[in-house]
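Can you make the complete structure from the sequences, with help from the hints?
Number of protein chains: 2
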Amino acid sequence: MELHPMWHAYPTLETELEETLVLMEDAIHLKNKPVEQAVLQMIHAGGKMLRPAYQLLFSSFGPEKDRKKATAIAAAIEMLHTATLIHDDIVDEAELRRGLSSIRSQFGNSVAVYAGDYLFVSCFKLMANYASSMKSLQMHSKSMESILNGELGQMDNRFNIDLSVADYLEAISGKTAELFALSCAIGAYESGTSRKFAEQAGKIGLAIGMAFQIMDDILDYTQDQQKLGKPVLEDVKQGVYSLPLILALESDATRLRPLLEKRGNLSQAEQHLIFELVHDLGGVTRAQDFAKEYTDQALKLIKKLPATAERDQLAQLTETILSRQS
Amino acid sequence: MELHPMWHAYPTLETELEETLVLMEDAIHLKNKPVEQAVLQMIHAGGKMLRPAYQLLFSSFGPEKDRKKATAIAAAIEMLHTATLIHDDIVDEAELRRGLSSIRSQFGNSVAVYAGDYLFVSCFKLMANYASSMKSLQMHSKSMESILNGELGQMDNRFNIDLSVADYLEAISGKTAELFALSCAIGAYESGTSRKFAEQAGKIGLAIGMAFQIMDDILDYTQDQQKLGKPVLEDVKQGVYSLPLILALESDATRLRPLLEKRGNLSQAEQHLIFELVHDLGGVTRAQDFAKEYTDQALKLIKKLPATAERDQLAQLTETILSRQS
Numbered sequence: 001m002e003l004h005p006m007w008h009a010y011p012t013l014e015t016e017l018e019e020t021l022v023l024m025e026d027a028i029h030l031k032n033k034p035v036e037q038a039v040l041q042m043i044h045a046g047g048k049m050l051r052p053a054y055q056l057l058f059s060s061f062g063p064e065k066d067r068k069k070a071t072a073i074a075a076a077i078e079m080l081h082t083a084t085l086i087h088d089d090i091v092d093e094a095e096l097r098r099g100l101s102s103i104r105s106q107f108g109n110s111v112a113v114y115a116g117d118y119l120f121v122s123c124f125k126l127m128a129n130y131a132s133s134m135k136s137l138q139m140h141s142k143s144m145e146s147i148l149n150g151e152l153g154q155m156d157n158r159f160n161i162d163l164s165v166a167d168y169l170e171a172i173s174g175k176t177a178e179l180f181a182l183s184c185a186i187g188a189y190e191s192g193t194s195r196k197f198a199e200q201a202g203k204i205g206l207a208i209g210m211a212f213q214i215m216d217d218i219l220d221y222t223q224d225q226q227k228l229g230k231p232v233l234e235d236v237k238q239g240v241y242s243l244p245l246i247l248a249l250e251s252d253a254t255r256l257r258p259l260l261e262k263r264g265n266l267s268q269a270e271q272h273l274i275f276e277l278v279h280d281l282g283g284v285t286r287a288q289d290f291a292k293e294y295t296d297q298a299l300k301l302i303k304k305l306p307a308t309a310e311r312d313q314l315a316q317l318t319e320t321i322l323s324r325q326s
Numbered sequence: 001m002e003l004h005p006m007w008h009a010y011p012t013l014e015t016e017l018e019e020t021l022v023l024m025e026d027a028i029h030l031k032n033k034p035v036e037q038a039v040l041q042m043i044h045a046g047g048k049m050l051r052p053a054y055q056l057l058f059s060s061f062g063p064e065k066d067r068k069k070a071t072a073i074a075a076a077i078e079m080l081h082t083a084t085l086i087h088d089d090i091v092d093e094a095e096l097r098r099g100l101s102s103i104r105s106q107f108g109n110s111v112a113v114y115a116g117d118y119l120f121v122s123c124f125k126l127m128a129n130y131a132s133s134m135k136s137l138q139m140h141s142k143s144m145e146s147i148l149n150g151e152l153g154q155m156d157n158r159f160n161i162d163l164s165v166a167d168y169l170e171a172i173s174g175k176t177a178e179l180f181a182l183s184c185a186i187g188a189y190e191s192g193t194s195r196k197f198a199e200q201a202g203k204i205g206l207a208i209g210m211a212f213q214i215m216d217d218i219l220d221y222t223q224d225q226q227k228l229g230k231p232v233l234e235d236v237k238q239g240v241y242s243l244p245l246i247l248a249l250e251s252d253a254t255r256l257r258p259l260l261e262k263r264g265n266l267s268q269a270e271q272h273l274i275f276e277l278v279h280d281l282g283g284v285t286r287a288q289d290f291a292k293e294y295t296d297q298a299l300k301l302i303k304k305l306p307a308t309a310e311r312d313q314l315a316q317l318t319e320t321i322l323s324r325q326s
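Listed in order, the protein sequences are those of chains A and B. Read in order, the letters of the first sequence are residues 1 to 326 in UniProt numbering. Read in order, the letters of the second sequence are residues 1 to 326 in UniProt numbering.
Because the hints were derived from the structure by calculation, they are not lab data. Among the clues, some could well be false.
Where chains are identical, the list cannot tell them apart; a pair therefore holds if satisfied intra-copy or between any two copies.
Unchecked claim - When the alpha-carbon atoms are kept at most 20 Å apart in a straight line, the in silico EDC-like pairs for lysine to aspartate or glutamate are as follows:
# : residue 1 : residue 2
1 : K262      : D235
2 : K68       : E234
3 : K142      : E93
4 : K31       : D88
5 : K31       : D162
Encoded structure:
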């Protein structure tokens with residue numbers, strides 16, 4: 001069980017994240033032992049645990065911080081995230097996840113379907129056992145609904161060359177930012193903050209999540225396959241067009257459009273050409289501007305929070321992850 | 001929107017089930033309209049709505065029956081059931097469901113994964129919005145966990161020729177009976193009965209669910225494909241061995257074992273031979289004895305409930321569905 005080394009800089013949080021991992025382990029009991037093993041491996045394969053970290057930091061702002069409850073809800077959120085990854089890998093037919101074989105490539109789609117379902121349910125079980133209010137559970141299920149609606153919406157957009165920046169932003173808001181928003185909001189709310197404060201926390205999470213996903217999509221164009229643990233540009237071949245490509249198309253579609261119309265039949269050389277064109281047409285640098293805007297927005301809102309050690313950690317963490325190069 | 005004609009015999013319940021269907025419709029809002037359409041079609045394609053019916057009948061036993069709440073929880077339970085069917089069809093690679101194309105065969109596995117997830121989440125959202133107590137949500141998520149653990153366990157048992165009757169009973173308890181048990185228990189509990197009464201309701205549901213699944217498995221050997229809307233003996237080819245086959249193997253494995261060892265490579269003629277052997281070796285009649293035992297157990301427990309109109313309906317419904325020939 002190894003946490004990402006980035007957490008050394010946040011010793012209290014690091015301990016709480018370790019407790020969160022233990023709670024996740026304790027919650028997973030499958031009769032099917034090989035699958036249990038694979039799920040545990042995936043949990044330990046170095047996910048960054050960002051969502052639980054934000055949830056834990058925000059749980060310091062209310063009058064009723066209860067460490068056991070906070071870590072249980074953190075575990076629930078990370079299990080939810082893991083469930084969506086397992087199901088995403090089915091949809092994307094992904095071979096690798098966090099540098100390991102994905103559950104679907106190890107055990108097939110069938111096991112991956114039920115393993116993801118099991119984690120979804122375990123997440124709700126933890127929430128039902130530890131959350132203090134129905135309101136939290138309502139927030140939680142409403143967010144999850146948005147997330148899944150976002151995933152289904154995204155599929156609708158596959159191979160849509162006319163996807164606008166607004167469409168993209170809406171899609172990542174559901175797919176990624178919503179869960180960051182939930183993590184922050186529920187962390188605050190369950191520690192006893194006002195509803196208004198929790199909403200503000202949610203806004204911060206939303207901005208962080210937007211920036212995070214945009215950064216992730218930029219990295220597809222700036223990193224090589226080994227470092228990321230997933231095939232570069234695989235998404236393009238599968239019809240998922242992200243911000244750098246959309247911005248490049250917006251700038252000049254003449255050469256990109258005929259390539260994209262080949263859909264799944266893109267050769268290696270053609271994929272490489274797309275990669276080059278996205279850079280040359282300024283898609284990457286313009287996407288970086290978007291990421292910066294959301295990052296600045298998050299940092300500005302964080303600055304307005306009560307001046308505590310956790311507020312400073314929120315700012316530091318947000319700056320760190322949103323300036324990552326890999 | 002057509003309810004199964006069996007409900008004409010229960011006019012109050014019929015109205016409540018119609019309201020339940022409307023609530024399910026209202027809860028499903030997908031941006032992806034073709035998928036929304038398919039999910040709605042599946043809901044209207046004549047599922048029997050047995051689980052919500054039991055939930056609704058048991059909700060009459062407490063002092064606080066609230067019709068809006070009862071139908072909302074009924075809708076949540078049926079959505080959960082629908083979610084598991086959509087995911088089961090991925091796992092079983094099923095072409096048909098309720099006589100229609102399954103979601104996966106219409107839209108592919110990807111859509112089916114997220115559509116099932118969406119229904120899972122909608123179920124939790126309804127529960128969180130309408131249930132009065134965390135205790136109910138805890139019951140709910142604990143049952144769901146058992147159900148999924150059961151599904152994953154069953155996969156482990158595929159092609160296991162040495163599957164015992166006890167293994168089978170444990171598997172169907174998780175796969176089917178648990179959700180009937182939950183429906184009955186949560187119906188009672190949310191209407192304000194004592195916890196002890198709710199537990200008793202759960203026991204009745206468990207017995208009904210066991211009998212129901214055994215009947216279902218018997219029908220694979222006594223009905224033709226058209227009437228059931230799914231391929232006869234497809235399960236055997238996929239390595240899922242049910243009670244009639246297990247009992248036939250127990251009685252004499254000499255001829256069955258070599259056939260089953262062919263696994264997925266069974267010809268039509270060999271499948272037919274298995275069918276004959278299961279009958280000749282008494283597998284079907286002995287399985288019928290099991291179904292009868294669980295049915296009698298359920299009816300005996302129902303008889304002990306307070307003498308109300310709903311108790312009589314419970315008894316009538318249970319006798320009807322457990323003596324079905326199709």
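Homo-oligomer pair classification [D235, K262; C-alpha up to 20 Å]: within (14 Å within a copy, 40 Å between copies)
When Cα atoms must be at most 20 Å apart, do K142 and E93 count as within-copy, between-copy, both, or neither? Classified as neither: same-chain Cα gap 28 Å, cross-chain 30 Å, threshold 20 Å.
Copy assignment of K31 with D162, given that the CA separation must stay at most 20 Å: This pair counts as between: shortest inter-copy Cα distance 18 Å, intra-copy 47 Å.
How would you label the pair K31, D88 (within, between, both, or neither) given a Cα cut-off of 20 Å? between (24 Å within a copy, 18 Å between copies)
Check K68 against E234 for me: Cα-Cα at most 20 Å, and say if that holds within a copy, between copies, both or neither. Neither, since 41 Å and 48 Å both go past 20 Å.
Of the numbered hints listed earlier, those contradicted by the structure are 2, 3.
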